[in-house]
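**Student:** Protein sequences appear in the order of chains A and B.
Take any residue in the first sequence, note its place counting from 1, add 2, and you have its number in the numbering used here.
Take any residue in the second sequence, note its place counting from 1, add 2, and you have its number in the numbering used here.
Source of the hints: derived by calculation from the structure; they are not laboratory data.
Be a bit skeptical, because a hint or two may be false.
Copies of one chain are not kept apart here, so a pair can be met inside one copy or by any two copies together.
Derived DSBU-like pairs (lysine-lysine); straight-line CA-CA distance at most 35 angstroms [stated by the list, open to error]:
| id | residue 1 | residue 2 |
| --- | --- | --- |
| 1 | K58 | K289 |
| 2 | K58 | K119 |
| 3 | K195 | K119 |
| 4 | K119 | K289 |
| 5 | K232 | K606 |
| 6 | K58 | K232 |
| 7 | K195 | K232 |
| 8 | K232 | K119 |
| 9 | K232 | K289 |
Number of protein chains: 2
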Amino acid sequence: MVEHSGTDVKFVNKYCPSSSSSSSASSSSSSSASSAREMKILATLRGSLSRKYPQKNGEVLSAQYGINLLLVGLALMLALAYQGPTVTEETVLAFLSTLMLMQLLWMICYVARLERKRNVPPERDADAATSWIRGGLTLLALLSLITDAFRVGNFVGYQECVSPVLGVYPVVHALHTVSQVHFLWFHVKDVVKRYETFERFGVIHAVFTNLLIWSNGVMTEAEHALNDHKRRLSAIGNFNFTFWEDQPSCNCTTSACSMFSSSLYYLCPFNIEYHIFVSVLLFVMWKNVGRTLDQRSNQKPASSLPLLTGSGDRPFLLLGPAFGLLALASAITVLVIYIIHVEESLEARHAAISMFYWFGIIILACMSIAGAVGLVIYRLEDWPMDTAPNPARTLDSKLLLGSSIGSWLVCWCSVIAVGGATNSPIYRWANLGYAILLVLEKCVQNLFVIESLYRRRREPEGHGPGLRATHNSILSPSQGNEKIFAVYDGIINHAYESPDKNCENEKHTYGRNKENMTHSHRPGMPETPNRQRQVLKNIAIFLFMCNISLWILPAFGCRPQFDNGLEEASFGFPIWSTVLNFALPMSLFYRMHSVAVLFEVFRKI
Amino acid sequence: MVEHSGTDVKFVNKYCPSSSSSSSASSSSSSSASSAREMKILATLRGSLSRKYPQKNGEVLSAQYGINLLLVGLALMLALAYQGPTVTEETVLAFLSTLMLMQLLWMICYVARLERKRNVPPERDADAATSWIRGGLTLLALLSLITDAFRVGNFVGYQECVSPVLGVYPVVHALHTVSQVHFLWFHVKDVVKRYETFERFGVIHAVFTNLLIWSNGVMTEAEHALNDHKRRLSAIGNFNFTFWEDQPSCNCTTSACSMFSSSLYYLCPFNIEYHIFVSVLLFVMWKNVGRTLDQRSNQKPASSLPLLTGSGDRPFLLLGPAFGLLALASAITVLVIYIIHVEESLEARHAAISMFYWFGIIILACMSIAGAVGLVIYRLEDWPMDTAPNPARTLDSKLLLGSSIGSWLVCWCSVIAVGGATNSPIYRWANLGYAILLVLEKCVQNLFVIESLYRRRREPEGHGPGLRATHNSILSPSQGNEKIFAVYDGIINHAYESPDKNCENEKHTYGRNKENMTHSHRPGMPETPNRQRQVLKNIAIFLFMCNISLWILPAFGCRPQFDNGLEEASFGFPIWSTVLNFALPMSLFYRMHSVAVLFEVFRKI
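Using the sequences and the hints, build the whole thing.
**Tutor:** Okay, here's the thing in structure tokens:
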């Protein structure tokens with residue numbers, strides 16, 4: 003890989019004269035011309051392969067590498083899931099450790115190269131990862147490190163009878179976690195412009211390494227859930243399964259082993275979330291490789307708003323947090339009651355499941371109403387849309403929609419199961435209501451979050467330097483005038499966020515901003531936007547805490563979809579457990595991701 | 003839904019004066035001002051909800067509708083697959099018929115509304131679906147209609163003992179097919195600008211209705227494959243399964259029933275491909291709703307090249323078609339031999355599987371080499387990239403990459419299975435070679451196809467009106483000069499196809515075209531591009547026919563992944579059959595889609 007960003011112009015200058023001289027030579031002597039042409043072709047080819055690799059191909063090539071990496075890992079895990087003779091847990095862990103070490107090597111190379119060229123710092127994408135997201139990640143990484151410490155402790159206890167890979171893996175993982183968090187803090191915003199093809203491979207390798215560790219975690223979790231399910235069925239005396247717990251064959255030599263393994267059970271969800279979040283951040287970095295940043299859209303917002311008071315005159319941030327805390331407290335109560343009662347008698351079990359569904363119905367109804375109110379407020383006010391290109395935001399919206407699919411599938415399966423059920427336990431219709439409300443709530447929340455993300459950030463009243471700058475720098479007036487009649491009062495934006503229309507957008511911006519300025523500085527209604535803003539802030543914080551609650555419940559073992567038996571009767575255990583093992587990780591990711599995005603929305607409003 | 007495209011400007015004009023008058027009234031009397039404000043808010047809300055719904059929200063809302071439609075259908079099919087008491091085949095078919103009738107209704111509404119406004123024809127996206135794609139679809143639709151006729155015949159035979167839904171479904175399907183093909187011929191290129199939100203729902207409904215019928219077909223096919231597999235195992239005496247074939251309980255009253263059901267077996271793949279293709283075309287139409295077309299990029303190419311002679315002076319289109327026909331003929335031979343021998347003794351079975359793998363290795367190696375040669379030629383010549391926005395092309399690339407995932411997963415599973423196999427049948431290492439070559443071939447072919455799609459269409463030599471028009475219409479000279487030093491000789495294009503960079507691209511175009519003109523009209527090498535072009539055309543037609551061959555093999559029952567037993571030993575039957583049922587439909591779609599795209603590439607080169 004040869005550096006190319008500095009040498010391109012030189013290359014063009016060198017290349018053109020030589021080609022014209024070879025063509026003039028061809029008229030004088032045909033043999034020397036043909037050899038010259040061959041040499042030229044060779045030179046072109048060499049030049050092409052070393053430095054002129056088109057961006058699109060680099061993207062496709064590295065994407066294909068990443069996908070295949072993921073698929074190799076998935077194939078290994080599938081073989082492990084069968085517990086056949088081919089693949090053991092050691093193989094998978096060794097594979098993951100190798101990938102992590104490779105990533106480590108790449109990160110060291112990247113940082114070293116950057117250090118060498120310290121006088122030319124890379125451009126940075128201001129939207130990529132806000133500092134509080136990185137802060138949250140650091141917290142998750144700390145919990146991840148504790149997990150690693152416990153794993154090492156567990157290994158020391160069973161040292162005699164388990165493979166050394168089980169001891170090496172957590173050490174490599176800890177090393178990987180520390181250096182990755184360091185890398186994310188200082189380099190995730192970088193827009194790579196040198197050695198593009200190579201860095202693209204490095205970044206995509208990092209993305210898919212984290213995704214694979216995530217998949218591995220999810221598989222372990224699915225195993226936990228299945229074992230829980232079987233234990234509960236045994237506890238109420240319905241079945242008598244043999245357990246396939248991952249217990250080594252020798253006795254623990256230290257006294258802390260049981261503490262370690264039960265703690266690992268509760269720490270696992272954090273580790274899983276850490277890896278999926280890292281891969282999302284790195285994916286944005288991958289999309290940014292070779293990107294030409296738009297100076298205007300890359301400006302930091304002028305003022306950073308104080309967090310819990312709001313910057314307006316009336317800090318009315320009470321109802322949202324209050325109801326949110328209530329939801330959180332009730333969720334934890336429900337979780338504890340559920341886990342205790344679901345392993346008792348059949349009646350207690352049914353009561354626990356019923357309680358879960360009713361709690362779900364109430365919280366989901368509140369969330370749907372809150373989201374709907376937010377949407378109505380957006381319809382009422384005519385604040386313009388932000389159409390500047392922003393890979394992080396596009397990815398956020400797509401991830402929200404994509405990760406909803408899992409729990410929507412579960413919901414529709416529940417609806418069908420309830421509709422066709424032959425027996426009728428007390429929670430039958432509560433289950434139906436819960437499923438339908440869950441579909442509705444995710445639809446409304448997605449709409450609310452995506453609309454919030456695409457709203458232009460509010461400037462402090464009275465000055466809008468960003469807007470005026472846009473008008474001056476982007477457009478000649480004649481171009482703006484052509485489009486002005488296609489633009490209305492800030493809510494309709496026919497070109498907003500379709501990737502094919504950015505050029506149109508630039509032209510529209512002029513008209514929209516002009517309209518918007520006349521509106522927002524209209525005399526006689528200064529307090530309304532502020533009140534609306536307070537309501538929106540309350541809604542965002544309420545949804546934020548509700549999503550935390552709805553993450554906690556399934557993450558720590560409250561999974562009535564496994565326990566209620568209705569769906570299992572309609573779909574059979576193999577199909578239903580496959581559906582759940584596919585859908586639950588997506589659903590957990592959806593809640594965590596909503597939490598992150600809603601916090602961003604809260605700060606932005 | 004109220005029409006809005008014509009009334010927007012009026013609305014702005016009406017809205018702004020009223021708001022300024024209400025704010026002036028507020029200074030004179032506070033009570034009348036507040037009531038006026040309330041009325042204004044109500045009016046805004048009413049206006050917002052009826053006509054000012056932002057495009058992004060319309061997109062998200064309709065996407066959510068479509069996804070949930072798909073998930074309801076999938077949930078029904080999962081319940082059907084379990085053969086539980088909840089859902090029968092009639093339920094699923096009734097559901098699909100309802101969806102088709104709804105789509106029919108929407109298409110009638112759409113066409114009727116268009117007829118009423120015949121004086122204002124909608125804009126059309128020239129890239130959306132070329133006439134030969136629609137021609138191919140019509141062919142598939144005809145085969146689909148024959149399928150429907152056979153289904154009706156089958157129903158008549160078993161009339162006494164099967165549900166009437168089985169008779170209604172094919173009639174509705176035939177009606178749906180005829181009107182859908184009519185709709186696609188005349189309206190799939192339309193860029194909808196009126197009643198946007200409503201039409202968006204209509205189009206997405208059509209997309210997901212077709213996807214659901216596709217899923218249903220795929221499920222039937224998976225059942226066929228499973229029954230085949232079981233029959234073959236019984237035939238060589240390994241197992242003794244009870245069949246779950248879909249036979250009615252009474253005897254057929256006509257003599258043609260067995261003919262009908264065996265023909266249905268062979269017609270099913272065409273029906274499946276028809277529906278997935280229709281949903282892809284309609285998805286492009288959905289992406290086009292409300293799109294602002296770029297006049298320049300929407301021009302039809304000036305000259306349509308004659309098909310099989312090439313427009314150059316030396317029509318050397320011989321090697322590609324010849325080798326392609328050879329591949330096709332051998333594939334059909336292999337198919338016949340395989341199907342006959344795989345049900346014979348264990349030795350014949352092993353020989354058949356071995357033959358399949360060796361045939362696969364040869365054809366995949368040739369395809370990889372051809373694709374690699376194509377890529378080298380692209381590196382050698384410096385033809386510029388086409389960066390104009392084009393949803394159809396973006397979708398094509400994403401579909402190719404996405405649908406590769408299925409067979410890549412199968413390949414990596416095979417690699418792991420071969421690596422860890424305990425027994426060693428004669429085809430063990432051939433299977434390994436086949437798997438690795440398949441991964442390689444898809445990578446190379448994807449790169450070749452995507453690079454071909456993003457190449458600028460060649461103009462006949464000596465005149466380049468499109469290029470010159472670009473230069474004149476898009477840029478003022480000062481803007482072009484700013485960027486000219488960032489652009490080299492046509493191959494590097496740092497801004498190509500990342501959705502965020504279209505504006506940059508417009509500026510780059512000027513520099514690139516200028517460079518390109520100097521290169522392509524350089525004296526002394528007029529024949530080289532033409533020879534390269536012939537090679538590229540040969541490669542495209544060769545890959546085209548190879549992909550047809552590789553579609554035929556699995557579509558008509560040549561599926562050694564089910565029969566070879568290696569992977570089943572490593573992954574277990576449940577996991578492995580799930581993987582195959584997920585991967586094989588994707589792989590079939592990949593081949594068909596490659597065929598369509600390669601034909602386009604062939605015409606374009």
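**Student:** Hint numbers the structure violates, sorted upward?
**Tutor:** Checked against the structure, the hints that fail are numbers 5, 6, 7, 8, 9, while the rest are satisfied.
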